[in-house]
Every structure is written in structure tokens, then in C-alpha cells.
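Trainee: For the sequence shown, the positions run 1 to 138 when our numbering is used.
Check before you lean on any hint, since a few could be wrong.
Unchecked claim - Okay, the calculated beta carbon distance ranges per label pair:
| id | residue 1 | residue 2 | range |
| --- | --- | --- | --- |
| 1 | ARG67 | ASP4 | 18 to 24 Å |
| 2 | CYS30 | ALA85 | 21 to 27 Å |
| 3 | ARG87 | ASP4 | 31 to 37 Å |
| 4 | GLN123 | VAL38 | 20 to 26 Å |
| 5 | ASP70 | CYS30 | 19 to 25 Å |
| 6 | GLN33 | ASP4 | 33 to 39 Å |
Think of the hints as simulated: they come from the structure by calculation, not from any bench. Predicted model, so just to flag it, every value in this text is computed and none were measured. Just so it is clear, CB atoms sit at the ideal spot from N, CA and C, and this is done for glycine as well.
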Amino acid sequence: MTVDSSSIHEGDELPLLHIQPSLGMVIRFCALQWTFPVFFYDADAARAAGLPGTIVPGPLKVGLLYRAVDEWLGGGGWVRQVRAAHRRPDPTNSPIDIAGRVARVYEEGGKRRADLELAIINQEGQPSVRGFAVVEFH
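Use the sequences and the hints to build the structure in full.
Mentor: Here's what the structure looks like:
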């Protein structure tokens, strides 16, 4: 479903994206990036580093924010920018929710745009990532 930009208003909520990043997803992400920090895929090494176990890489979480926004747009525009501030690690195989809301709708350069506030919420209900996105509608 494509979002109708004329019906977007400040304060509108984006639909929640429920996801459970698996260890396999993390390993594939590391392979695509050709970076292999051991605490992303080895639970013993992660615990030795003071982590609860293997964790989801920050850049992968930014990609999940992008995915949530792109799915919300549904072809009705494109993502111009995504930024994130990481607050706490997310263990692999733990469910997370990606939430968002429209913070501002405006015209710039003859194009209709919106600023979005985003968050990744862990299973304890705490934000692990605060994010921001700018979208431009068709």
C-alpha cells in the first residue's frame, strides 16, 4: 500500500514493525560488510566483553529503521536521510519493535517532505535506539 502524502499530518503514528533479529541475520550482515567483530557472533566473546551475549550491530539497526520507513512509504516517496543515536545493545534473537511518528510536514524546494521521529524499543519497553528520518513524497 502506498502512503498518500496529502493525508499525512504531524503526530501521525507509523505502523509498528515487529522483528526478531536472529544470529543468522547478524552473521549475514557482517558478511555483507566484510567485518567480523567476534562479539557479534560468538556469545562467549561477547560475555567476555561485558555484553549479555551476541548483539545486533548498530548499522544493521539503522538499516531496520530505514526498512520501517520504506515499508511505510510503500512506493509513495523515498527516504532522503536516516540518523540514529544508539542507547543500549539489543541481544540477537530478542524481539524489538520499530516505532515512529510524523514530527513535521513541510514544503522544501517545491517538494512535500516530512521529518520522522523513530525508535527501536526492546522487549523491556526501553528505547535502544532513537532515530530520525527525512522523507520526500512523490
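Trainee: Take the hints in turn and mark each one as holding or not.
Mentor: Cross-check of the supplied hints:
1. Checked against the hint of 18 to 24 Å, the C-beta distance between ARG67 and ASP4 comes to roughly 21 Å, which is consistent with it.
2. Roughly 22 Å separates the CB atoms of CYS30 and ALA85, a value that falls within the hinted 21 to 27 Å.
3. Take ARG87 and ASP4: their Cβ atoms lie about 33 Å apart, and the range 31 to 37 Å holds.
4. In this structure the hint that GLN123 and VAL38 lie 20 to 26 Å apart at CB holds, the actual value being about 25 Å.
5. A hinted range of 19 to 25 Å for the beta carbons of ASP70 and CYS30 is consistent with their spacing of about 22 Å.
6. Between GLN33 and ASP4 the CB atoms are about 36 Å apart, so this pair conforms to the stated range of 33 to 39 Å.
Violated hints for the displayed structure: none, as all numbered hints are satisfied.
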